[in-house]
Amino acid sequence: MGTNRKITINPITRVEGHGKVVINLDSEGNVSDARFHVTQFRGYERFCKGRPFEEMPVITQRICGICPVSHQLASAKACDAILGIKIPDTAVVLRRLIHMGQFIQSHALHFFHLASPDLLFGWDADPEHRNVAGVIGTYPDIARKGIRLRKFGQDIIRALGGKSIHPAFAVPGGVINSLSEKARDVLLSGFTPSYDACSAALDFIKDWLEKNRDEIKRFANFDSFLTGLVDESGCPDMYDGMIRIQDWTKKERVDFAPEDYLDFIAEHVENWSYLKFPYFIKHGFPDGFYRVGPLARITMADAMSTPKANAELMEYREKTGNGLSGSTLLFHYARLIELLNCLEAAENLLQKKEILGTDIQNTAPASNSEGIGIIEAPRGTLIHHYRVDKHGAIEDVNLIVASGHNNQAMNKSVAMVAKEYILGGKVREGILNRVEGAIRCYDPCLSCSTHALGQMPLHIRIFSPEGELIKELRTED
Amino acid sequence: MRTSLWIIGYGNRHRRDDGIGCHIIEALEQNLDLDSAWINTLSLHQLEPELSEDLQTASEIIFVDATHEISTKGRIWKKILPISDISGISHGISAGTLLGLTRLLYNRCPPARMVAIQGRDFGFGQKLSRFAENNARKAINDISRVIHLRTRKDRLENSIQPGHRKEKIYG
Numbered sequence: 012m013g014t015n016r017k018i019t020i021n022p023i024t025r026v027e028g029h030g031k032v033v034i035n036l037d038s039e040g041n042v043s044d045a046r047f048h049v050t051q052f053r054g055y056e057r058f059c060k061g062r063p064f065e066e067m068p069v070i071t072q073r074i075c076g077i078c079p080v081s082h083q084l085a086s087a088k089a090c091d092a093i094l095g096i097k098i099p100d101t102a103v104v105l106r107r108l109i110h111m112g113q114f115i116q117s118h119a120l121h122f123f124h125l126a127s128p129d130l131l132f133g134w135d136a137d138p139e140h141r142n143v144a145g146v147i148g149t150y151p152d153i154a155r156k157g158i159r160l161r162k163f164g165q166d167i168i169r170a171l172g173g174k175s176i177h178p179a180f181a182v183p184g185g186v187i188n189s190l191s192e193k194a195r196d197v198l199l200s201g202f203t204p205s206y207d208a209c210s211a212a213l214d215f216i217k218d219w220l221e222k223n224r225d226e227i228k229r230f231a232n233f234d235s236f237l238t239g240l241v242d243e244s245g246c247p248d249m250y251d252g253m254i255r256i257q258d259w260t261k262k263e264r265v266d267f268a269p270e271d272y273l274d275f276i277a278e279h280v281e282n283w284s285y286l287k288f289p290y291f292i293k294h295g296f297p298d299g300f301y302r303v304g305p306l307a308r309i310t311m312a313d314a315m316s317t318p319k320a321n322a323e324l325m326e327y328r329e330k331t332g333n334g335l336s337g338s339t340l341l342f343h344y345a346r347l348i349e350l351l352n353c354l355e356a357a358e359n360l361l362q363k364k365e366i367l368g369t370d371i372q373n374t375a376p377a378s379n380s381e382g383i384g385i386i387e388a389p390r391g392t393l394i395h396h397y398r399v400d401k402h403g404a405i406e407d408v409n410l411i412v413a414s415g416h417n418n419q420a421m422n423k424s425v426a427m428v429a430k431e432y433i434l435g436g437k438v439r440e441g442i443l444n445r446v447e448g449a450i451r452c453y454d455p456c457l458s459c460s461t462h463a464l465g466q467m468p469l470h471i472r473i474f475s476p477e478g479e480l481i482k483e484l485r486t487e488d
Numbered sequence: 098m099r100t101s102l103w104i105i106g107y108g109n110r111h112r113r114d115d116g117i118g119c120h121i122i123e124a125l126e127q128n129l130d131l132d133s134a135w136i137n138t139l140s141l142h143q144l145e146p147e148l149s150e151d152l153q154t155a156s157e158i159i160f161v162d163a164t165h166e167i168s169t170k171g172r173i174w175k176k177i178l179p180i181s182d183i184s185g186i187s188h189g190i191s192a193g194t195l196l197g198l199t200r201l202l203y204n205r206c207p208p209a210r211m212v213a214i215q216g217r218d219f220g221f222g223q224k225l226s227r228f229a230e231n232n233a234r235k236a237i238n239d240i241s242r243v244i245h246l247r248t249r250k251d252r253l254e255n256s257i258q259p260g261h262r263k264e265k266i267y268g
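Chains A and B supply the protein sequences, listed in that same order.
Residues in the first sequence are numbered consecutively from 12, following this note's numbering.
Residues in the second sequence are numbered consecutively from 98, following this note's numbering.
In case anyone wonders, no lab produced these hints; they're calculated from the structure.
Take the hints with a grain of salt, since some may be wrong.
Said to hold, decoys possible - To be clear about the criterion: a stretch of chain A counts as covered by chain B if any three or more of its residues have a C-beta under 8 Å from a C-beta of chain B, and this derived list gives those stretches:
no.: 1; region: 153 to 167
no.: 2; region: 298 to 309
Claimed, not checked - For lysine-lysine, the following DSS-like pairs were computed, each having C-alpha atoms within a straight-line distance of at most 27 Å:
no.: 3; chain 1: B; residue 1: K250; chain 2: A; residue 2: K60
no.: 4; chain 1: B; residue 1: K250; chain 2: B; residue 2: K175
no.: 5; chain 1: A; residue 1: K174; chain 2: B; residue 2: K224
no.: 6; chain 1: A; residue 1: K174; chain 2: A; residue 2: K401
no.: 7; chain 1: A; residue 1: K482; chain 2: A; residue 2: K430
no.: 8; chain 1: A; residue 1: K401; chain 2: A; residue 2: K97
Quantities reported herein were computed from a predicted structural model and do not represent experimental measurements.
Beta carbons are placed, not taken as given, at the ideal position from N, Cα and C, and that holds for glycine.
Isolated chain B, as found in the complex (with noise of 0.2 Å):
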């Protein structure tokens, strides 16, 4: 089956730099030739139930979102594991419990990191301070890597002959 890439960002766009994970799938749409055979972009207020049905097929996951956590580069990437206890899932989810749900629902659970960029103002309005601005470009770049990688394997994948060394790729 072919790669399958996600790429989701999530957060309220009226609350400055809580919305910059929209922002930068904005960004991405706009700057990438985004091959849409395999790599699906969202921009989401807040992760729902729902996407499970979508992300059970993935064969990787990027959320993007802001957060608090200061961190010395700006972003800080983490891989998400699924958690087990979603009793109390609601209609808006985190990353961990929509992976559980998918695990449960599907019995399937794609591997998924975080990119988590810091902001610093929360406040009402649209636009990102320049501080976020900074570390979004940063998060871009890490990501828009991650899709060149990942765009050669999937080339590679598909046109190998047979006795040729795959390349090992790392995101």
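So here's chain A without its partners, still in its complex pose (with noise of 0.2 Å):
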């Protein structure tokens, strides 16, 4: 009889921030328990009490390097709510288009950097090989495609922002910037390479689910609540609407204001990790978890707003049925449908006539002593929260973040991945990867969720049940 054992993967790659994961075998070698750990810690909850109110879409947009976008549209609708104003409808638009623009980036960069290195080679490829110089050496064309459309949505944000990280745009009350009509021109003769490089990548994606309906069936496929803003005709709504949750059949479903999110979400603290675990009140922890983000939005979704991506939507839905759509791996066709939803959004935005207007910011004396931003990340649904004192200084921040919400989903999938391919004490560097994979499917940020600094590699760890460290695969920073 053998005896149990640790795994420890530690640094994860390919991920955004800095996490473990740490999976313990019995003495038959099968896993007993696995556990995704985030072990970075910033404290921006903290340091931002006392500052004024206005500063925080500045602060908080440093969060991040790849989303500070959403994060600066959030804390400026946070701020819109203490100010208790309007904001004027190209500021909206505006705003809305940048966001589209941190949509395309974001999007762009997970599937063609970080993603596709497993999808093109396969989870038992050569490690040497199988990253993002292994996909621009062997499939030059799909990387230049992906570097392609990443530009233009940092086109789109530069174009509005100054710079296409930490742009000087959203405040409260509204905009800085105006777009210009030339401006505007040069983006909108950025949209046919777009489109093709996102037809290619959804033409790929199909593909590559009809050859691997298997894998995609047995790798971390579950139930779960789901979360995301939707509009009024129930389609995803990335800055605006009610938020929704749902169970995956629809047969239980809860449309709120985003103002009431503490009636429905709450957190719950595990001393093992900086990460929280947010949940759905009604059902507790951790029965009420939830999904957030391009599977969650995609699968709860009545419609998708734009034409392209919602027959999109519907092929997805056809090819996604006899027991596939619970699989995590399907995060990667969802972020596509996204993508070309985000696509078709902008060009829509760039083409209304309030787009070129100069009337951007409204502004006024702070009326509430509490705002409330919520917008949908790339990622998912982010929430920003200040309480305020008399002289408008931040008193109190909540700050709740995609990967934070997807946080005891990450947990239960790295779960299933490791007892499903763990099998009798055999662990090849494929299988590993392929818990990684499970983690790198919700694209976490995991600088933002505990707001830390740095990059996410990840690191795996094996423990014996007496303790004992059996295996350790670390990248290096």
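Make one complex out of these two single chains by using the hints.
Structure follows, in structure tokens:
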């Protein structure tokens, strides 16, 4: 009879931030437990206290270098609520446009740079080749399309915010830059190659799905509650709308105003992770855990807001019937449908007459002591909630980011994949890559979720029941 | 094909001298009459992989960055070669990795140099230290001279008559 063992994967690779996975094996060499730990801490919710609330859109966008626009917009919306004002229509359209740029660049980065090595080469390919350099060397056309698509998203952000990382744009009451006619026309000329790149990626993922049905079906395939913002037609709305929580079968569904989120969502804390575990209050923790992000939004959508993306949604539902729909691997497919939706939405926004307006900011003294701003970031629902004193100084901050909402789902995915593939104590690199891949599907940003500093490689460790470290995989920072 | 010179300054403007590359680009744009038909300037927080699409057609690149390296002249000019191993690229990359990526993706790697300007204060703040300001002035003079020489070369090449001897330009 063998001894129990523990495996640690640390750091996890091709994700943003730092995390590790610990897998415990029983005496038969099968998985008894597996956990995803987030090992970094920054403390934004503490050090923002005392700052004037108007500074929050600038401060909080520094949480992340990938989705600074999302943080800035959620923060600006929370500040709008403190001011108690409605922002001008042009400011709404411009905020929505920069947000689409954020989605396009972030989704393109994840699919082409982070996820594609596993999809193109397979889980068991040589890790020396299974990376972005391998993709460029073997599939240069795909790599060039990815580069072009991400650049287009960055171009939208730069056109509005002056720079692609940490742009100066959304402020309490509106935005600070309008869009020139010349800049609009330049952006409008960039859609054809962007649609081509997105279409090629969708063709690829459909082909990949057909060739990998068995693996998709057994890969962290589970039901959960789902959460995201929807518009009045039940389409995913990345900037505004009602928060929807529903179960996988739509038997239980509730839509509520963002201001009421604390009546529906609470956070559980574990002593082994800096990342909290949000859950649907009605069902408690852990039963009330939910997923956010592309798979959640696509699954609970009544439709998509644009025609091409809606047609893709219909096709997706046809292809992912027969027990596939809960598979965590479908995040990749869902992400590409959203990418198309965001391209269409950006083009529509650029064709609106308000887009060239110059009435872009309203001002007023603070009239409320509390403000809540909620949007959909590329990875899922993002909540900024501030309370201020009578001078407008921040008294309390609550930030719940997408990777936090997905925490329990990521843990469940890791455990399911580990149990499915690690049998009889046999642990190959390709199997551990699947464990990492389960986390990668969510495109987590651990820097965001713990508001931590740095990149996010991951570390896997395997321990025996006696606590002996048996195997350790670590990728250098 | 006409010359295409790219001058790319990068760094964190909120960490004082680290942002020297961005300050220099701003100064060049304000003080020189840059011919946008062939001179491209960029001011960035960090270098990104997407730049490779634009840089594939460049005839020459000058990167402008801050450095801790001590130099009696306050700045160091060095040739940048493409790095072959790009397996670890992320959303922020080095100049050599960017060139390596460009070569891999587009089978072309433009000649590139870096002017690394010595800084002293990398703390919080947006203003350059006086030491860095002084070094920045020297770098701006260097780059202005390069632009001047390339401008003469560009004019000669675009108006030269057959049989005329081409002037040899040293940058």
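Hints, one by one, checked against the model:
Here's how the region 153 to 167 of chain A fares: 7 of its residues keep a CB closer than 8 Å to some CB of chain B, so the rule of at least three is met and the hint holds. Proximity of the region 298 to 309 of chain A to chain B, defined as three or more residues with a beta carbon under 8 Å from a beta carbon of that chain, is not established by the 0 residues found. The straight-line distance between the Cα atoms of K250/B and K60/A is roughly 58 Å, outside the 27 Å bound, and the hint therefore fails. The hinted pair formed by K250/B and K175/B meets the criterion: a straight-line CA distance of about 22 Å does not exceed 27 Å.
In summary, the hint linking K174/A to K224/B is supported, as the alpha carbons are separated by about 19 Å, within the 27 Å threshold. With a C-alpha separation of about 34 Å, the suggested pairing of K174/A with K401/A is violated against the 27 Å cut-off. Restraint check for K482/A and K430/A: satisfied, since their Cα atoms lie roughly 17 Å apart, inside the 27 Å limit. Taking the CA atoms of K401/A and K97/A, the gap is about 21 Å. The hint holds against a cut of 27 Å.
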